Amino acid sequence: MSEALVAALNPSMFWEYRAVLLQGLAFNGYVFAAAAALALSVGLAAALARVNRARPFRWIGTVYVETFRNAPDYIMVVWVHFVLPLLLGAVLGRRIEFPPFVSAVIALGFVYSGYFAETFRAGIQSIPTGQIEAGRACGMSDRLILWRIVLPQVVRRMLPEAINQFVSLFKATTIVSLIAVPDLMYRVSMVLQQEMKPLPLYTGAALTYFVVIYLVSSLVRVVSERWRSKVY
Amino acid sequence: MEAVPAIRVVDLHKRFGALEVLRGVSFDVHRGSVVSIIGASGSGKSTLLRCINHLETPSGGEVYIEGEPMGSRREPDGSTRPRPLAEINRMRRELGMVFQQFNLWPHMTALGNVIEAPMRVRGLSRREAAALGAECLARVHLSEKAKEYPARLSGGQQQRVAIARALAMRPKAMLFDEPTSSLDPELTVEVLAVMRELAADGTTMIVVTHEMGFARDASNRVVFLHNGQIEEEGPAEQVLGNPRSERCRQFLSKHLQ
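Just so you know, the sequences run in chain order V and B. To convert, count from 1 in the first sequence and add 846; that's my numbering. To convert, count from 1 in the second sequence and add 5; that's my numbering.
Pulled out of the complex, with its shape left as it was, chain B reads as follows (with noise of 0.2 Å):
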């Protein structure tokens, strides 16, 4: 018997108005595994990741968070119905999300960033959230950075900053927006070698991103998207080193120069 996926997306569409972003995407995400999202600027992998987590609402499909669907809810009669507002919120912190942007509070330190919401959406008491925001952030090797604000930090800092925010809620699952996309090659590297630890570590993780290089040895397997739909995926050394379709070899070719 296999278990239950950490992530199982069903046949996820995304419409906004005449233009079909998403066109009926389904995969599965095990426990522990890291699967990379790759595709052409404007291919949905955005739009992909942020309707698993509900910031986007799927326009038809299902997302199961270890079994338990994201966006409706199963009544004891059986009927599904969709998920009032106050539930989904519930259930998004069940995967970490880190953004292009970083997207840090200013007005908080490092260490308030990532303390914030384990006070006060999972009701922790100051001294335990401080207990786990240290943890956190030595994960991330910023232990000696938790009192300066977001301003005094530089873009690599403050991406690692927000990746243990995003942890600190002790998600599921991570889910990765292009986290280096806004960053100079030698502040990736910093980033992209936290990133590998926790994949090491054993952490879910989806990541959408442009370095085949973090795909190639960090990730098990690699979604390959193309106009809304998957085009090709499979374990990450075939997708990468022998793509079958004649998109993706041509979508790498011009990425692995």
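Bound conformation, chain V alone (with noise of 0.2 Å):
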């Protein structure tokens, strides 16, 4: 029994194999920020659409967001890799297969979209009309508006929330590894399979995933709100 524990806590066999499995790491980073840049710009395409003033785009907004938002992660990314290969391939008339990587960046992409998509909308809500009026006034375009008065300051309020939701979908990077994206934890199963030694390699894991996010997360929110506090 003590022994167990032992072993799951004694942490030289993560540390033997650390390269092999801090390059899993990176990749967990990689997925993460292809994903991230995905889902805010379909996120931010969807906001516009549920809050635009033609009711059809704000039909398809509403349709789009419910769909992903509603669609678990793992789910998504075995049905993007497995599924969707097959479905554009009958359409297209020739055999299609995606790389795991691409898979798992569309997968969680579009998934986290739909989140962030209510985030922007919920931000752009916020900004006053009267602010909106101001910028028309001064004969400002509704694209200027956009880019000059109401994103700059969604961004600001938006932030706090958009960081939980980072966190998320780092978090969500872990899963990739079942479809083989060599991350860190299909790397851990690697390793597992010569070692057999699963306890101090799951508690490395966790505990690398832990520092990790937390450290990035607590900087990152430090900055944003020292950059917040300036406005408001």
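Source of the hints: derived by calculation from the structure; they are not laboratory data. In this text the structure is predicted, and so the values were computed from the model without any measurement. Note that beta-carbon positions come from the ideal geometry of N, C-alpha and C, so glycine has one too. Please note: incorrect hints may appear among the correct ones.
[Unchecked claim] Facing chain V, a subset of chain B residues (Cβ under 8 Å, in silico):
1) N58
2) L60
3) R86
4) P87
5) R98
6) M102
7) F104
8) Q106
9) W110
10) H112
11) E121
12) A122
13) R125
14) V126
15) M174
[What the hints assert, rightly or not] Going by beta-carbon spacing under 8 Å, a handful of chain V positions derived as facing chain B:
16) P902
17) Q977
18) A983
Each of the two chains sits in its own frame; use the hints to bring them together as a complex.
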């Protein structure tokens, strides 16, 4: 019993494979960065659709957001990797395969775009109409008002919530090992097949994720609060 | 021959569903003159102002800025048709607007608020815009606050920055929508002082106001609005001192105390 406990907490195994495992962690970072970029841009587009004056746009935006916000990320990853290529292949009449990395980015990017769309929408709707009218009264176009008056404030207002979503997205990158993206978890299972010592390896992986996420998100929070406090 | 008025409002109508807020309003504002619009709340004063620069699209009638129709344009074949939105945006910058709630952009400094539209809409360089912005802030006596964010300014200071922002577009006329209604009395004074200076400098102004003192000393003409129509209009001293209409007299007896 106590022997198992000691083994579980003994980090030497993790340390031994540190180079391989940290390369895996880098893959989590790549998937995160690409999926976040996709989620932010598609999320902004969906939010703009949801606040559009034209009803069809609002309707499409709502259906989009509800679809992806309610899709479990695990199922989306599997579906995009195994089902979507078959569907596209049938439509295009040839064989299509996505590299695991691409599937992971598409799946997580679209799932999280649903969350970001709602955050953007709430931010956009929180800007007082008067500020938009003041822009109009100065002869500014709607596009100029969006980029110069609305979005800079939306970004500031949505930051605290967006940081939480980024943390969730980073944690979600650990499931991409299921479709063989060589991330940290994937490499842990590879090492396990040789070493057969799951306890220290899983503990090491958990600690690594915790330390990375905690340090980075704390740093980002401090910096963003300093920036926001200048205005509000 | 009479000069083209800076602003000519012709038979302006505005309906919100079944509610008719403006029911045929016409008046002229001559260059360099100040017109105050008074009336009970709900009489359509603010709607009138917002229709003049098309923040609200009028249901009928037309507004002319130095002879140029705001909402429609004349085609070469003599027909008229509604202006596209982009053109209305362009026309709007000829009219500076000051709002009751200031509506400054909180993520920009005072100077940033003032130079934003000159740079992005009129295409001035940052250097030109900064010089213009400094000049406009000086006109509202806030040169020393150029680098402050709106959250750190008093209400009166915010409204003066908003006035500078409107001036920076070098508009043909300024529209004020109850500019002091959300200010404490001591802050009202500093805003009214700036507006009096603008009036004395020959700025063309339309002012929706409850400040009868300002309407009396600073405006050339006063328009009394009742139920979406002009009930009485004339030189300030006449409308405020010796009104002909019974409704105007009642309104003034409540507001002049």
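Each hint, compared with the structure:
About 6 Å separates the beta-carbon of N58(B) from the nearest beta-carbon of chain V, less than 8 Å, and the hint is met. The interface hint given for L60(B) holds, since its Cβ lies 6 Å from the closest Cβ of chain V, which is under the 8 Å cut-off. The beta carbon of R86(B) comes no nearer than 21 Å to any beta carbon in chain V, farther than 8 Å, and the hint placing it at the interface is violated. The criterion of a C-beta within 8 Å of any C-beta in chain V is not met by P87(B), whose closest approach is roughly 17 Å, and the hint is violated.
Taken as an interface hint, R98(B) checks out: its beta carbon lies about 3 Å from the nearest beta carbon of chain V, inside 8 Å. The restraint placing M102(B) at the interface with chain V holds, with a minimum CB-CB distance near 4 Å, inside the 8 Å limit. A hinted interface residue such as F104(B) counts as satisfied when its beta carbon comes closer than 8 Å to some beta carbon of chain V; here the least separation is about 6 Å, so the hint holds. The closest approach between the C-beta of Q106(B) and any C-beta of chain V is roughly 5 Å, which is under the 8 Å cut-off, so the hint is satisfied.
Hint status for W110(B) relative to chain V: holds, with the closest Cβ pair at about 5 Å, below 8 Å. Using the Cβ-Cβ criterion of 8 Å, the hint placing H112(B) at the interface with chain V is satisfied: the shortest such distance is roughly 5 Å. The restraint placing E121(B) at the interface with chain V holds, with a minimum CB-CB distance near 7 Å, inside the 8 Å limit. The criterion of a C-beta within 8 Å of any C-beta in chain V is met by A122(B), whose closest approach is roughly 4 Å, and the hint holds.
Checking R125(B) against chain V: minimum C-beta separation of about 6 Å stays under 8 Å; hint holds. A hinted interface residue such as V126(B) counts as satisfied when its beta carbon comes closer than 8 Å to some beta carbon of chain V; here the least separation is about 5 Å, so the hint holds. This hint holds: M174(B) has a C-beta 6 Å from the nearest C-beta of chain V, less than the 8 Å allowed. Because the beta carbon of P902(V) sits about 19 Å from the nearest beta carbon in chain B, more than 8 Å, this interface hint is broken.
With 8 Å as the threshold, the beta carbon of Q977(V) comes within range of chain B, its nearest partner Cβ sitting at about 5 Å, so the hint holds. At its closest, the beta carbon of A983(V) sits 4 Å from a beta carbon of chain B; the interface hint therefore holds under the 8 Å criterion.
Hint violations for this structure: numbers 3, 4, 16, all remaining hints satisfied.
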